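Below are the chains, spelled out letter by letter.
Number of protein chains: 4
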Amino acid sequence: MIERYSLSPIKDLWGLEEQYKRWLEIEIAVVEAFEEKNQAPQGTAEKIRSKAVINVEKILEIEKVVDHDVIAFIKGVTDEMGDEARYFHKGLTSSDVVDTAWALALKRAGEMILEELKKYYDELLQKAQKYRYLITVGRTHGIHAEPTSFGLKFLSFAAETRRNISRLEVSLERVSEAKLSGAVGNYANIDPEIEKSALLKLGLKPTDVATQVVPRDIHAEFLSVLALIGAGMERMATEIRHLQKTEVLEVQEPFRKGQRGSSAMPHKKNPILCERLTGMARMLRSYTVTGYENISLWHERDISHSSAERVILPDACMTAYYMLVKSQYLVRELVVFEERILKTFDTSFNLVYSQRVMLGLIEKGLSREDSYKTVQKCALDAWEKRTDFKNLLKEDEIIKSKINSEDFEELFSNDYYIRNIDEIYKRFGL
Amino acid sequence: MIERYSLSPIKDLWGLEEQYKRWLEIEIAVVEAFEEKNQAPQGTAEKIRSKAVINVEKILEIEKVVDHDVIAFIKGVTDEMGDEARYFHKGLTSSDVVDTAWALALKRAGEMILEELKKYYDELLQKAQKYRYLITVGRTHGIHAEPTSFGLKFLSFAAETRRNISRLEVSLERVSEAKLSGAVGNYANIDPEIEKSALLKLGLKPTDVATQVVPRDIHAEFLSVLALIGAGMERMATEIRHLQKTEVLEVQEPFRKGQRGSSAMPHKKNPILCERLTGMARMLRSYTVTGYENISLWHERDISHSSAERVILPDACMTAYYMLVKSQYLVRELVVFEERILKTFDTSFNLVYSQRVMLGLIEKGLSREDSYKTVQKCALDAWEKRTDFKNLLKEDEIIKSKINSEDFEELFSNDYYIRNIDEIYKRFGL
Amino acid sequence: MIERYSLSPIKDLWGLEEQYKRWLEIEIAVVEAFEEKNQAPQGTAEKIRSKAVINVEKILEIEKVVDHDVIAFIKGVTDEMGDEARYFHKGLTSSDVVDTAWALALKRAGEMILEELKKYYDELLQKAQKYRYLITVGRTHGIHAEPTSFGLKFLSFAAETRRNISRLEVSLERVSEAKLSGAVGNYANIDPEIEKSALLKLGLKPTDVATQVVPRDIHAEFLSVLALIGAGMERMATEIRHLQKTEVLEVQEPFRKGQRGSSAMPHKKNPILCERLTGMARMLRSYTVTGYENISLWHERDISHSSAERVILPDACMTAYYMLVKSQYLVRELVVFEERILKTFDTSFNLVYSQRVMLGLIEKGLSREDSYKTVQKCALDAWEKRTDFKNLLKEDEIIKSKINSEDFEELFSNDYYIRNIDEIYKRFGL
Amino acid sequence: MIERYSLSPIKDLWGLEEQYKRWLEIEIAVVEAFEEKNQAPQGTAEKIRSKAVINVEKILEIEKVVDHDVIAFIKGVTDEMGDEARYFHKGLTSSDVVDTAWALALKRAGEMILEELKKYYDELLQKAQKYRYLITVGRTHGIHAEPTSFGLKFLSFAAETRRNISRLEVSLERVSEAKLSGAVGNYANIDPEIEKSALLKLGLKPTDVATQVVPRDIHAEFLSVLALIGAGMERMATEIRHLQKTEVLEVQEPFRKGQRGSSAMPHKKNPILCERLTGMARMLRSYTVTGYENISLWHERDISHSSAERVILPDACMTAYYMLVKSQYLVRELVVFEERILKTFDTSFNLVYSQRVMLGLIEKGLSREDSYKTVQKCALDAWEKRTDFKNLLKEDEIIKSKINSEDFEELFSNDYYIRNIDEIYKRFGL
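Protein chains in written order, with my numbering: chain L, 1 to 430; chain A, 1 to 430; chain X, 1 to 430; chain Y, 1 to 430.
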């Protein structure tokens, strides 16, 4: 991931030194487990901990010769260690360390993402509550449809986010599965009890059945959840981009003091953050394709997944994290022009009430088909002539004969459209 | 989906007539709910049911004029219905019907898929049990690694499948969410209680917060679970393809009497079913990309998801189903050449025991580094000269000085490698 | 592909009978080549042609036994053929027939697509010419930017389409490559001259170096070109969807007499065709992923590509074709509200001239930085207060001191913005 | 891209300082063009060049305030410039600079990639020539098929690579298209002649019709070509992985002195580079999905493509470059065990000659159907009993009655299978 989109603390997870630290953390946890089971002398882990040296440069130098990163790490760290080195990496295969380290890193990253996802959810809830009763034009196909609650937009994003929280929690459980079961996953040279105990120390748990590696459906699922999370933010950002269009301008992405929208056009305030989120959502879903392809490894494993994962697992985590932090800010600081939202109704000549008029006719005994035709005629007329729909209806003979003027007025009441909003919120738990 | 890969009963879900039947089923459920809440006269639903006519040709004719499939359906079905037609589709928008029908169809399809997934799981378990103690060469990077259990391969597929069962069950719950909340999802012209009651009759439940449509993250998740299921079978099929290679030939895909492998080469028995599954897994993952893109609809919905869904939702379901049915057969009828599996050890000169010899040296007090070097030297020698590794070791001075001959022989015992197999199976619940 | 989106003539390419006809066409071409090279008695091809029977049901029955579609075809077609059958499929392998048939079908499909692509291009050109001098607001980030030519939008789509025509032509050349070189592509049992001659008869040419199959990068490239074509129409459709939004309404997708926009809302005219195209573009790009994965076959071929290709190659062709036919109609019949286009300027308070004012100041000697600040202040002010930018500028001290009123007025001339339009069109060749 | 997979010189293209240098290069080229057309005083460009300061830290500081990278760049670079600054970025919009800089960077990157692609092609050709007459078993479906030339494998990769060279050359032409046509691409504030002249200086050319940006189909095509290039290397790497499997071991990826294959198993020599390439090919194709999605921007542009491009364009270039460099090494240093290749025939009992025997029978007048059955019976027998096919045939009554022993022996000659190899090479131009 490029520096531009890297945020702490999640970016600090991915440096080489951090990786080596995780590897060491794992190797020591195994030796501690050995001690517990009397497979190593008491104090060995402690000695290893104090003597182990992580020298990134040195390890990379060794790697140039051995062409294997874990072997270089072991050599580099244990070089001056003395006799305890015999217990270091004992009975393990490289993937035990690498995949358990992925579990550690992804669990930590996933928890950070989950935390930001929940904060994002809270921001959405707050906006949902704040604008619960603000009437706005609902739009389908980009066309004015019927009045609705402005807050409901945010509640819909919140509902999607709540599903994503649940998905991430499930996936996080699986991502916390690791393995210390040797070259082909059968504990040939390590005791299953050692695995269980060492992983427990690390906050992880054994995966059901490993090969040399943790099965990759787990990582693919994680990536697919991140893609869903990204698409959720994309949906929100797309809504804002639409509402910020010059002709609509019902909301505006926060525009900071001193900010400039365009090098050429001094008047521009562009929803650049929303657009950035949109592009990033594309990246997140592209990673899933690789994730799915990584599942079908040869036999007890091939290492084809590894090169891709070194790039996409950190990038996917950082992208999701960055998007969530920015989305919180975006939702929190969103400028909402309430007056404009109400004025929008003017631009569609009261046509948004057409269904209700049609249903009014049906209620008065007209057939569905005739009601539809009556209303559509006036509606298309109003639209074409850009004149008020309500006025046209008033002069329609069928309307006049079927609906008295009091009932008629009532058909254009906005309150009608949000009378069930509380029920929606209540069902959601608000 | 092409006829070639379409199997009953799942293929019968997708015809136009079936779709219209689902739509009618939904419309009637709503009228029944109306009756319960006294929003329609008692008996209305019954009358509608008896008078409704699904005439596919006629509906398609109407659609040519109105250019809207649900409107054509309503018109076609209610044309001769009489007064009850007033309650038909009352307060609903097309998407209420369409998305609830998707929920019905995907729930039914998903249940069929789940059933086959469980049967596939059972076949894997049976093979896992049958070959629990059959020793085979474990391979990493395509290279012989260490002895392991042949059954463990199947247990690993089973474990992945068990996760997929769990994923599908979760996704099925979500896919069973539908909506009957009108044009912008705010129950403007329909009572939330009607939705709840009608969906209950259909075996569905209301989604948390709908727009005009059921949110598409639900469908994207479903597609991503199907992709995971597909990738699981791809992994299994890839294993068989490898094991069936001429030089390996440890297993063979079932080859039916009368079958011909090649139009040119009469001797061929090819793993064509496994290859077919591999290609289909690619299709399944490609659908997810579209699924993710379908999430970010404009405002209260645009209909861009619809054209793609008409194609990919049935195709994805049918592909997954077809693959599962074929995979069961494949696993059940798989020909396993046990003798060949054992003979495979000969082709790598006892090198698969190299780690154990190294660990033996470490146990005798040699440093990890020196042990590795000692063993690697003999190992590379054996490989290069294509001669027995064990014999070379016997003549090595360091080995001779460190390990007595009894201990030495013990290092080449296969039983050692499967002594923890029972623990793995036990953890899995077997 | 579902019937709903299948159009003749392209859909007629894909039936089973059509496929068998292509296979027969190829088999006969080979025998004709044999005759030419005196490798078969004169008249053999003619006899085969007259005696060959394509009975779809029968072939499928045979396939149930032999589990191989080409073998079943050969058996079915030659069953009652007599001695000539000896020259039928002689020296060929199934893939010779299957891949050459793909070349035939894709070439024909590709030519149909190319023809529609060129017609689509013509429609775009016509609109580009028609609206060459119609002033419209250019929008970036969805925000009004600067005046531009409405026709230029179509010219930009046309330019992209012209690149796509060129790409498709290149790809069509490659897709027309086939092979008749036997089981592993080395002409073991067939003369290279036979291949050349038979393919020539079929309007094809030999691929450079085949394995058992035509290399799949060729098909992947074809799919990627279709995805580009789809994305081009998606861009056009997205533009229309934006311009048809209620608040903008500068254009409208054709709405046929009798058409209904919504089952609930009689007033709706929705850009459903544009949305349909958008969804289909997603499908087209999803196919590429499978196309790329199909390239890396094992050794001289595995058949994993085949199951996917049977579905996606026809579907991709038909989807592209359908989209092109519909896009032509869409562009041709597009309703353009010229008055509305001009009125749009009112909604942004003359802010679209801000860059020009800034450049005016720079020309008068003010620094870029100061000019930007001066103009941005008035611009943001105008936007916030929703008042005329030009009026605000008139009262600005710096403006007054730097620009006289005649020069000032000139800064707001629309003609200025399209004075280079002719040059753009000229460069394009118009 | 992570450091691990970044190679010079291509990685040096992507730093921030390099980007700013490209931007400056462009800004100056425009001023030079101004001078030529007398739109700026002579010497302005020279002065700008000498006074312009690229101070990365300072620019980033400014960006924090203005939240716009190009504006920050302009401000940072021109801060102390004096009067010439008035001509800096005059008439341009940010995208003029950014997209022209992409063209510069991608053209340079593309040329580097093309150079390596050609070198890779040369390595393939050399191996194709070297092993032109080395007989090997051709394999389809992973099963022995018929004898063929080992060099032909490389020629097939070379043919694909030659197509990729051609694709990249075409795409490079398009990627070299840039634009300097202002905020909405209509040259409102800049002369088309300035664009032409400035781009010429930069080695670029104007794109046909720009919006605010260069149309993104150009970049998507470039990414799809890189994906094809990647898939080509994946195919080659997959072949090697297969041929290096323990049971096959016909080739071996170079294994350097000191290298270690496994931290656990001292005997392992794994095709890790091939596997790495395989994983990277997955990454390359995932980028295309984003590339296709980036095409359909809103109106005269939105900036959603930008965040993704900042990551994937450099990453895609570097990944392709890295893969090509490594693939050259891989092919060049590949260890080929010629003896093993010949010995492989033993493992399939002469079955690879089955087609030829069948054709021999047909030539002797037996029907195709009967010939197939005769040969298949012996073939399946030989396979099942793992005994020599040729011996079984010798005892078959039909064979004996149809083919005399001299002709029979001839059917098992390997030379027969490569007698057309020279023709294939000749057609290819070798």
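Bear in mind the hints are in silico, worked out from the structure with no lab data behind them. Just so it is clear, the structure is predicted and the values come from calculations on it, not from any experiment. One or more of the hints may lead you astray.
Pairs count within a copy or across copies, as identical chains cannot be separated in the list.
Taking lysine-lysine pairs in the DSS-like style, the calculated list, with each CA pair at most 25 Å apart, reads [stated by the list, open to error]:
1) LYS343 <-> LYS130
2) LYS257 <-> LYS58
3) LYS426 <-> LYS343
4) LYS390 <-> LYS11
5) LYS119 <-> LYS377
6) LYS64 <-> LYS394
7) LYS257 <-> LYS64
8) LYS107 <-> LYS119
9) LYS201 <-> LYS377
10) LYS119 <-> LYS130
11) LYS196 <-> LYS119
12) LYS37 <-> LYS130
13) LYS196 <-> LYS377
Evaluated hints:
1. LYS343 <-> LYS130: within (19 Å within a copy, 35 Å between copies)
2. LYS257 <-> LYS58: Between. Shortest inter-copy distance 19 Å satisfies the 25 Å Cα cut-off; intra-copy 48 Å does not.
3. LYS426 <-> LYS343: neither (29 Å within a copy, 44 Å between copies)
4. LYS390 <-> LYS11: neither (58 Å within a copy, 48 Å between copies)
5. LYS119 <-> LYS377: Neither, since 48 Å and 35 Å both go past 25 Å.
6. LYS64 <-> LYS394: This pair counts as neither: shortest intra-copy Cα distance 85 Å, inter-copy 33 Å.
7. LYS257 <-> LYS64: between (50 Å within a copy, 11 Å between copies)
8. LYS107 <-> LYS119: within (18 Å within a copy, 33 Å between copies)
9. LYS201 <-> LYS377: neither (73 Å within a copy, 37 Å between copies)
10. LYS119 <-> LYS130: For LYS119 and LYS130, only the intra-copy Cα distance (17 Å) is at most 25 Å; the inter-copy one is 50 Å.
11. LYS196 <-> LYS119: neither (34 Å within a copy, 31 Å between copies)
12. LYS37 <-> LYS130: The answer is neither: 59 Å in one copy and 33 Å across copies each exceed 25 Å.
13. LYS196 <-> LYS377: neither (73 Å within a copy, 34 Å between copies)
The structure does not agree with the numbered hints 3, 4, 5, 6, 9, 11, 12, 13 stated previously, though it agrees with the rest.
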